[in-house]
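*Asks:* The lines below spell out each chain.
There are 2 protein chains.
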Amino acid sequence: MNDLSLMRRLATAGQTKILLVVMDGVGGLPKTPGGPTELEAARTPNLDSLAARSICGMGTPVAPGITPGSGPGHLSLFGYDPLHYEIGRGVLEALGIGFDLQPDDLAARGNFCTIDGRTGLITDRRAGRIPTEVGARLCEELRRIELPGVKTFVEVVKEYRFVLVLRGEGLADGLTETDPQQVGKPPLPVEPLRPEASRAAGLLNQWLAEARQRLSDEPQANGCNLRGIAKDPGLPKLSEVCKLRCGAIATYPMDRGVAQLAGMKVLPTGETLESEIDTLRRHWADHDFFFFHVKKTDSRGEDGDFDAKVAVIEHFDAVLPDILALNPDVVVVTGDHSTPAALKVHSWHELPVLLWSRAVRPDGVRQFGERPCMDGGLGHIHHTDLLPLAMANALRLAKFGA
Amino acid sequence: MNDLSLMRRLATAGQTKILLVVMDGVGGLPKTPGGPTELEAARTPNLDSLAARSICGMGTPVAPGITPGSGPGHLSLFGYDPLHYEIGRGVLEALGIGFDLQPDDLAARGNFCTIDGRTGLITDRRAGRIPTEVGARLCEELRRIELPGVKTFVEVVKEYRFVLVLRGEGLADGLTETDPQQVGKPPLPVEPLRPEASRAAGLLNQWLAEARQRLSDEPQANGCNLRGIAKDPGLPKLSEVCKLRCGAIATYPMDRGVAQLAGMKVLPTGETLESEIDTLRRHWADHDFFFFHVKKTDSRGEDGDFDAKVAVIEHFDAVLPDILALNPDVVVVTGDHSTPAALKVHSWHELPVLLWSRAVRPDGVRQFGERPCMDGGLGHIHHTDLLPLAMANALRLAKFGA
Chain A
1 MNDLSLMRRL ATAGQTKILL VVMDGVGGLP KTPGGPTELE AARTPNLDSL
51 AARSICGMGT PVAPGITPGS GPGHLSLFGY DPLHYEIGRG VLEALGIGFD
101 LQPDDLAARG NFCTIDGRTG LITDRRAGRI PTEVGARLCE ELRRIELPGV
151 KTFVEVVKEY RFVLVLRGEG LADGLTETDP QQVGKPPLPV EPLRPEASRA
201 AGLLNQWLAE ARQRLSDEPQ ANGCNLRGIA KDPGLPKLSE VCKLRCGAIA
251 TYPMDRGVAQ LAGMKVLPTG ETLESEIDTL RRHWADHDFF FFHVKKTDSR
301 GEDGDFDAKV AVIEHFDAVL PDILALNPDV VVVTGDHSTP AALKVHSWHE
351 LPVLLWSRAV RPDGVRQFGE RPCMDGGLGH IHHTDLLPLA MANALRLAKF
401 GA
Chain F
1 MNDLSLMRRL ATAGQTKILL VVMDGVGGLP KTPGGPTELE AARTPNLDSL
51 AARSICGMGT PVAPGITPGS GPGHLSLFGY DPLHYEIGRG VLEALGIGFD
101 LQPDDLAARG NFCTIDGRTG LITDRRAGRI PTEVGARLCE ELRRIELPGV
151 KTFVEVVKEY RFVLVLRGEG LADGLTETDP QQVGKPPLPV EPLRPEASRA
201 AGLLNQWLAE ARQRLSDEPQ ANGCNLRGIA KDPGLPKLSE VCKLRCGAIA
251 TYPMDRGVAQ LAGMKVLPTG ETLESEIDTL RRHWADHDFF FFHVKKTDSR
301 GEDGDFDAKV AVIEHFDAVL PDILALNPDV VVVTGDHSTP AALKVHSWHE
351 LPVLLWSRAV RPDGVRQFGE RPCMDGGLGH IHHTDLLPLA MANALRLAKF
401 GA
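Residue numbers (my numbering), protein chains in the order written: chain A, 1 to 402; chain F, 1 to 402.
FYI, nobody ran anything at the bench for these hints, they're computed from the structure. Do not rely on the hints blindly, as some may be mistaken.
Since copy identity is lost for identical chains, a pair holds within one copy or between any two.
[Claimed, not checked] When the alpha-carbon atoms are kept at most 35 Å apart in a straight line, the in silico DSBU-like pairs for lysine-lysine are as follows:
id	residue 1	residue 2
1	Lys-158	Lys-243
2	Lys-31	Lys-17
3	Lys-344	Lys-185
4	Lys-237	Lys-151
5	Lys-158	Lys-399
6	Lys-344	Lys-399
7	Lys-265	Lys-151
8	Lys-158	Lys-185
9	Lys-399	Lys-237
10	Lys-399	Lys-243
11	Lys-243	Lys-17
12	Lys-265	Lys-399
13	Lys-344	Lys-31
14	Lys-237	Lys-265
15	Lys-265	Lys-243
16	Lys-237	Lys-17
17	Lys-399	Lys-185
18	Lys-344	Lys-237
19	Lys-399	Lys-17
20	Lys-158	Lys-344
21	Lys-151	Lys-399
Using the sequences provided together with the hints, build the complete structure.
*Replies:* Put into structure tokens, the structure is as follows:
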């Protein structure tokens with residue numbers, strides 16, 4: 001059910017509480033052939049006990065074979081078809097550094113690059129991967145560029161990457177990128193894909209011309225490209241569509257940002273799981289949908305550290321009883337994508353899913369792991385179906401038709 | 001395969017016979033944690049034996065998490081995507097009381113309500129849930145209203161609910177409801193959503209004005225609202241699309257009505273399962289698709305009576321051999337939605353499905369129940385796929401492409 005209009009039509013307000021636990025990148029792979037995945041290797045008596053009382057299955061965030069970024073991975077769990085609701089790269093990059101993006105801001109991902117001074121052709125699209133300190137100094141230089149009628153923000157991300165944000169009235173998106181995607185070609189101008197975007201295109205080209213001048217003496221980063229120039233997509237708000245008062249508890253800016261785009265209230269919290277649970281407890285009465293994010297499963301997966309990822313999962317399992325003690329009416333536990341330590345990156349693999357409520361029809365799954373969940377009663381589902389299922393189990397969806 | 005055009009293109013006439021058994025609301029939930037569902041608790045040697053020779057699975061009538069009404073639940077089993085083919089509430093209400101709705105009739109569900117005589121604002125949208133006898137008397141009064149050029153019918157449903165039907169030429173649907181959906185507001189006028197509907201809107205508003213006068217002395221039901229004003233949606237007829245001669249055997253008006261909308265011939269039958277089987281036997285030669293409806297599984301589920309629902313299932317199991325003795329070529333057994341006794345209402349849970357023919361590829365399922373069917377060879381399917389599968393198993397679908 002990717003159709004938010006159906007949710008909008010059937011959702012009813014209520015007092016029941018839904019808890020969505022997202023263990024970022026939790027899906028894994030065996031370290032050795034025939035061995036357990038990270039989740040299967042972890043000692044998780046509490047998750048296993050919950051799984052035994054739940055209906056389980058395997059979930060696909062976007063489509064079979066598609067590896068999701070954090071944006072689409074979370075959108076899908078929040079009920080938005082990520083192929084229909086795309087968040088521009090510039091917006092995600094801005095959210096990822098915790099930039100306080102406004103609804104009318106135009107955000108672009110910037111890449112410093114090396115340009116041959118004689119021919120004007122790009123010789124290195126990443127400017128020799130300059131250190132972050134150099135990038136930071138150059139961003140400071142670029143902040144001096146002034147444009148008529150708009151405010152500009154330039155924020156360093158990492159190494160050769162930065163974020164450019166234009167703030168002002170009437171900045172439409174629908175703009176081409178400047179990166180020709182290969183060396184030996186010159187940067188392209190920004191071009192409007194629709195008439196309303198002409199002014200923004202003009203301003204960005206003016207900014208790029210001045211950036212080129214200000215960077216001209218740099219040995220490596222003497223040019224830059226803008227990519228994924230976009231605005232807040234203006235998603236239908238989950239709070240309105242589902243008549244849920246949504247609170248988000250997450251430690252990383254990107255995940256907090258996506259939750260905010262979906263219409264959740266981002267709750268202040270600390271860096272640890274314990275701090276997140278404390279936040280959950282303090283705000284328990286104020287919301288009826290909680291997005292609870294566990295970041296480090298993904299981080300340790302990206303490190304390629306199987307055992308460290310196992311330890312993060314075991315840590316979460318140990319605190320799960322504190323969460324369940326709050327008596328949620330519906331609990332969903334899954335991930336936004338897989339990040340097998342064996343691959344060190346996000347992957348396309350399905351995610352184990354667990355759905356608990358007093359009204360679920362339990363299956364035979366007794367352990368929360370990839371292989372046990374393959375036999376689960378939910379079968380293979382799309383992640384966008386989880387929110388409607390959670391709503392149904394919270395008895396918050398009216399009957400369709402008489 | 002929700003696309004009826006593909007069915008229309010590939011269906012071939014033939015002599016094989018398909019039997020679709022719909023145990024209304026058969027899907028259930030355990031009475032106690034870890035216990036069996038109603039279907040699993042029932043002693044069903046004949047269904048189990050059939051399941052062992054069948055391919056089984058779990059079916060979704062509308063979409064994950066969506067609780068279907070009887071209309072959408074049956075449409076899906078008849079091959080129509082219920083999100084695409086919607087039947088208006090007025091039409092379903094008319095069918096539900098066995099009203100002989102004509103293709104051009106405009107039908108509305110009516111609700112008596114209480115209106116504050118001084119302010120004109122609704123104070124009770126259900127008129128204090130007046131007894132059915134009072135509703136019947138008021139319907140008689142409302143039958144006296146005459147409209148120019150159309151015939152009107154006013155039929156009591158139950159308590160504060162009634163059906164209004166306008167019969168005449170050129171009555172288009174596409175009309176707003178009058179119920180403001182909350183107390184403290186006045187009834188709204190009927191407004192046309194398209195120009196063709198203007199005449200119908202005018203007639204309905206004239207009817208409402210006179211109804212208001214005629215009800216003005218009533219202490220509780222001194223007003224009324226009209227909802228779901230609609231016409232027969234004009235579904236493509238199953239008989240034409242699938243080249244099937246379709247007969248429907250059902251004891252309840254609503255289910256008979258939906259079958260009729262789908263182009264089936266509704267066969268006269270009695271109230272009992274034995275009488276339905278007798279009807280099936282007598283008409284066996286005349287049709288090659290039979291919709292055989294078992295109502296009481298739903299009724300006992302809505303009563304919240306687990307054991308009585310088990311008894312209805314066991315009763316059906318006991319007469320199943322009489323049905324199979326007719327030698328159908330394809331048998332499908334499932335429900336139109338779940339009605340767990342534990343919830344006492346329709347629910348969103350998947351339905352166990354069994355498909356038998358001489359050409360099925362049997363799986364390992366040995367018992368017809370929710371948990372066994374979770375492991376079935378059909379996997380998790382959409383109910384709209386059942387009719388094409390039945391057609392294929394009846395060897396009545398031509399090859400697609402060369």
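*Asks:* State for each hint whether it applies.
*Replies:* Against the structure, the hints:
With identical chains, the CA atoms of Lys-158 and Lys-243 are at most 35 Å apart between copies only, with a shortest distance of 31 Å across copies and 39 Å within one. Proximity of Lys-31 to Lys-17 under the C-alpha cut-off of 35 Å is restricted to the inter-copy arrangement: shortest distance 23 Å between copies versus 37 Å within a copy. For the homomeric pair Lys-344 and Lys-185, the shortest alpha-carbon distance inside one copy (32 Å) is at most 35 Å, but the shortest distance between copies (60 Å) is not. In this assembly of identical chains, Lys-237 and Lys-151 lie within 35 Å of each other by CA distance solely inside one copy; the values are 27 Å within and 46 Å between copies.
Taking the closest pair of Cα atoms, Lys-158 and Lys-399 come within 35 Å of each other only across two copies (19 Å); inside a single copy the shortest separation is 50 Å, beyond that limit. In this assembly of identical chains, Lys-344 and Lys-399 lie within 35 Å of each other by CA distance solely across copies; the values are 13 Å between and 44 Å within a copy. In the homo-oligomer, the alpha carbons of Lys-265 and Lys-151 lie at most 35 Å apart inside one protomer (26 Å), although the nearest pairing across protomers, at 55 Å, exceeds that limit. For a Cα distance limit of 35 Å, the shortest separation of Lys-158 from Lys-185 inside one copy, 24 Å, qualifies, whereas the shortest one across copies, 58 Å, does not.
In this homomeric assembly, Lys-399 and Lys-237 come within 35 Å of each other (Cα to Cα) both inside a single copy, at 22 Å, and across copies, at 26 Å. Taking the shortest alpha-carbon separations for Lys-399 and Lys-243, both the intra-copy value of 16 Å and the inter-copy value of 33 Å come in at or below 35 Å. Taking the closest pair of Cα atoms, Lys-243 and Lys-17 come within 35 Å of each other only inside a single copy of the chain (12 Å); across copies the shortest separation is 47 Å, beyond that limit. Taking the closest pair of Cα atoms, Lys-265 and Lys-399 come within 35 Å of each other both inside a single copy (29 Å) and across two copies (28 Å).
For the identical chains of this complex, Lys-344 and Lys-31 are intra-copy neighbours only, at 12 Å inside a copy versus 46 Å across copies, given an alpha-carbon limit of 35 Å. Taking the shortest Cα distances, Lys-237 and Lys-265 sit within 35 Å of each other inside one copy (11 Å), while across copies they are farther apart (46 Å). Taking the shortest alpha-carbon separations for Lys-265 and Lys-243, only the intra-copy value of 14 Å comes in at or below 35 Å, while the best inter-copy value is 43 Å. Taking the shortest Cα distances, Lys-237 and Lys-17 sit within 35 Å of each other inside one copy (18 Å), while across copies they are farther apart (44 Å).
Taking the shortest alpha-carbon separations for Lys-399 and Lys-185, only the inter-copy value of 25 Å comes in at or below 35 Å, while the best intra-copy value is 58 Å. In this assembly of identical chains, Lys-344 and Lys-237 lie within 35 Å of each other by CA distance both inside one copy and across copies; the values are 33 Å within and 32 Å between. For a Cα distance limit of 35 Å, the shortest separation of Lys-399 from Lys-17 qualifies both inside one copy, at 20 Å, and across copies, at 33 Å. In this assembly of identical chains, the alpha carbons of Lys-158 and Lys-344 lie at most 35 Å apart only when taken from the same copy (19 Å versus 57 Å across copies).
Within a single copy, Lys-151 and Lys-399 get their C-alpha atoms only as close as 49 Å, which misses the 35 Å cut-off; across copies the closest is 32 Å, which meets it.
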